[in-house]
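Novice: Chain residues, written in single-letter form:
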Amino acid sequence: MTTTWLERRRSRIDDIAGGRSLGAEAFRRLRREPAAIIGAIIIGVFVVVAAFAPLIAPHSATEAFPQLQENLRPGSIPGPQEGFPLGSDQLGRDFYSRMILASQQTLLVGVLATLIGLVFGIVIGTVAGAFGGWADTLLMRVTDVLLAIPSLLLAISVAALAASPSQSTVIIAVSIVSVPIFARLLRGSMLAQRHSDHVVAATALGVRRPAVVLRHMLPNAIGPVIVQATLTLATAILDAAALSFLGLGDADPGRAEWGLMLAQAQTYLDVRPALAIYPALAIIMVALGFTLLGESLREAIDPKGRR
Amino acid sequence: MRSAARRFAAACAAGALAVTLAACAESQRDTGTEQGGSGGTGGTMVFGAAGAPRSFDPLFAQDGETFRVSRQIYDTLITYKQGTSELTPGLATKWEPSPDGKEWTFTLREGVKFHDGTDFNAEAVCFNFNRWFNLSTAAAQSQAIYYYELFGGYSNNLTKDTTDPVYNSCQAPNPTTAVVKLNRAKGAFPAAFGLTSLSISSPAALQQYNGDEVTQSGESFSYSAYAMEHPTGTGPFKFESYDRTNQTITLVRNDQYWGEKAKLDKLIFRVIPDENARKQELQAGTIDGFDYPSAADWPALKNAGFQVLVRPVFNILYLGINKKNNPALRDIRVRQAIAYALDRESLVRNQMPEGAVVATQFVPDTVNGYNPDIQPIPHDPERAKALLAEAGVPNLTLNFYYPTEVSRPYMPNPTNIFTALAENLRQVGITVNPVAKPWNGGYLDDVQVNGVQDLHLLGWTGDYNDPGNFVEGFFGSPGPEFGLTDAEDGAIINSIRKADETVGDEAHAAAWRETNRLVMEQLPAVPLSSSPPAIVVRKGVNGLIPSPLTDERFLTVSVD
Amino acid sequence: MLRFVVRRLLQVIPTLLLLSIVVFAWLRSLPGGPATAFLGDRATPENIAELSRLMGLDQPIWVQYGRFLGRVVTGDFGTSSITGQPVIDEIGRALPATIELSVAALVIAVGLGIPLGYIAARYRGRPLDVFTVIGTLVGVAVPVFFLGYVLKDVFAVDLGWFPPSGRQSVAVDATKVTGFAVLDGILTREFDASLDALRHLVLPSLALATIPLAVIVRITRASVLDVLGSDFVRTANSKGLAPGTVRGRHVLRNALLPVSTTIGLQVGLLLAGAVLTERVFVWGGVGTLLADAITLRDYPRLQAVLLLGALIYVLVNLLVDLSYAVIDPRVRLS
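Residue numbers (full-length UniProt numbering), protein chains in the order written: chain A, 1 to 307; chain B, 1 to 560; chain C, 1 to 334.
Treat the hints as calculated values from the structure; they're not laboratory data. If you're wondering where the values come from, they're calculated on a predicted model, not measured in any experiment. Certain hints may be false.
[To be verified] If we take Cβ atoms under 7 Å as the criterion, some of the chain C residues that face chain B in the derived model are: (1) PRO31; (2) PRO45; (3) GLU50; (4) PRO163; (5) LEU256; (6) TYR299.
[What the hints assert, rightly or not] Per the computed footprint, the stretches of chain A lying under chain B, defined by three or more beta-carbons under 8 Å from a beta-carbon of chain B, are: (7) 59–73; (8) 78–88; (9) 162–168; (10) 216–228.
Every residue gets a Cβ at the ideal spot worked out from N, C-alpha and C, and that includes glycine.
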């Protein structure tokens, strides 16, 4: 049963592609799955906080307060006090506000990276899967090369190319990692459907090719894509944090983003561990939420798991 | 149930293994690094270095990690008194310039031997001076940065930008007298004779192991066997081995050392690039000390019983202003406005280590030629706004470059420093456009070579006690970093050249005091701070003297 | 067979050539350059320009590429511009470190993952199952660099059970044979060196094992569930076989098939995914080599690591294909 690493990576993706769409039955089973419920709750809380972050946060992410700066030293960062429930950060800013506002930026990075990966993946996968032939061969050869490079290395390589690191370079670097996965996934779904009854029927009825692809094949392939997107959200947030740790992250130090905050807090682990622990916990919770939901979804649509 | 039981047993075995390993850890930890302490010998010290040395020949180096190791193996003619930047006899017991500063006569120490057993004498000194002067490949010449900076060129200049060499010749009238002739006087001497790059190597070893051989092919360089495996000096420690797998460099005591012998039997440098990892190694007791603890950790380390040895300040951090790209910055009022906008007091208090000070000029106050009469520029946002209005640029937008992936003694945390300063500038109505670049990934290129920035952060750690080492490097010639031109900034450039050429200790210092005043009047950049880097060792490590030049000698160190 | 091998080997050449172009172009488009990185902030713009010229970096890129190709063909990958060491030697030192760490992480992931996955399946839907599944997924969600720091702080600094970083203690004088520290200790009968190396392995391999552990638990659980519901298990149970026999002979054996496939998949990910772990634990492996090379713009090292990595990857794939043909007569080499 030995196959190459790449083949197994491919087949793991193809396995998801073989799954059914998210029907009512799948949702019914999801509701019984405690892991799914926990994941959904975590994500729900996270999204609500992010949506209302500017209303919840008492201060801005960039403003430094004289009363906090007064006692701020490199080796001593003021803790919780009146008006500042989590105390100061390393620059005399309100840590609580930054934690809250960071939910927005973190979600933004995760969602945008996933969306960009999704769009390119869908385009490539659809073209390859729907048309086959040389287009398929060429596109899949390229995605194979990308798949063969371990994801973090790929992200590092892309991020290092940027003339000046910024939030957008992080998003792009993280998204490129997921493009081949989405592309392969969609191609698999498409291929599986090319000879299915409803596609054959539509084609026989004279529906034109693009319409068949967009109206009949794509919607049926969307279930596995959603599963993968949920999982990708978690890895995107973690990869962005890793890039920040390696110094390839967002260069605007005013911006509050959990990965960036965690990376910047490395200097203060002995001084005020809270500066690292809170962003770390936030990242862990969010990544866990998406992973739990994604894995449960995967199981719910997996035909093998139905019993 | 049998198989279940077996699996359970297996799990227990795995757990037991972990516990056993941990238990062994306990016993080893007790002996660990302190093993040499008993038994009456000098013991071993393991020191955590931040990076690997490039080679063991300091001639081809410009980085502190290479120098740290070299300083233990080699001696220089003149050296710096421990813990200061004052000169004290090294291999030369006396040094005397001619009145015109073009001839230096060194009286050498007698009875000194190199690690390979050969004699140190005037011939050996001249051999070294001639070796430097006669470097025969472009690759070697382009890498002897410090030599090039001091001596300007070689007997046969192979690179484009070299100038007429300062060095002329060296004579050895007798074994204890070496006379070095120069083509012109240089303010950097005699202080610069103590630079680690000018360490004296064994001529025999240099010849045997092809010391000058720096070969180059494409982007690759390789050094001689001398520089990689056989460094041979006269210093208190001898090179033993470099374990590249575990990144440890082992030196052993030189029992034939000319001065007081080193106390340690063995000195091991272990390369640990990650700052947190260095700290944790010290806390776990697996190393005895390390360099550059983060200022944030000083209080915690002190509380835990470690000794934080703070070096005297000998560096400058400045906010560079480039006049070239934004015409508004040509206006002295705009540059002054920037200076008034910055809250340097808060910056130093909030972000710099204990002992850091606000800088009033481009040399720290420990340098001869520091001008005590220059008043610090106060934090005055109102005045800054008024000056901007007067200059007619109320809506100024500036590209502010700052580096990432780096920490320097003068700039412990560039991101924080940038953030604080950018916020100051915003408060007086200047729009800041932040541009972050990795230090090696474009920052130095953009800022020093291409000069594309309006504002930037940079600094300097002094090599020896002369203002020229600081100020001449910044503003001594027209260049891309500050957008200086001969036409506009001739006054500064000329004043620096004159000060450098002024001979006589007091006259030299006076000329530099005047130059420093002039520079601050013209404000081509804003000096921000001088901050002391530290070194940390565990309790029981004695005799390590922190040096302003980061020139620590481990020969006085003992461990218990 | 021979024709197949020759043809596949010939196919490798254009692949590597293409890759070398991509790698070369990628390197040269990185901002900053090796001359600045090499000389540091002490150098003047003139110094840097001079060194760049010497390195041939002012030449047109195709000229640079031609020279590079000429050297590589003769097996000369150059010396690292950080250390001055031949790049091949550096890779030779780093590879055993990375393999050692990956194997240790895999042992932990498999050793814990299969039992945990089995337990989760046996107690499906009960708290033990939920706890196991969520617990292992938490491991995936923790940023590795943070996990590494916490592990070191607790087990190395506070408890002092394990060394915080590195591969060997300086006090242990180990003889090098293969470069695999644990193995070398056994070969030379310096068992204390082996033990020392093992102790250094514990924390980094734990940190590295979190992700494969979660995957193995999940696959084992799913596959055990699959088998438990299959006909032959039902038959075996109805035959009245002892439950232990059924579980051992029928369930576990069949369930492990897909698991073994997954383990194979994890090996590749581990080998190269160790960048962060190696950095946190100052583990001188390939990941560190690569990350440092990117930071310091070490062109020769980056080129060599990436190209040799690709070559090894391609060759391993070829070997696997060949072994298929030998093992399984149904596979035809075409």
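Novice: Among all the numbered hints in the text so far, which are the ones the structure does not match?
Specialist: Per hint list: 5, 8 and 10 violated.
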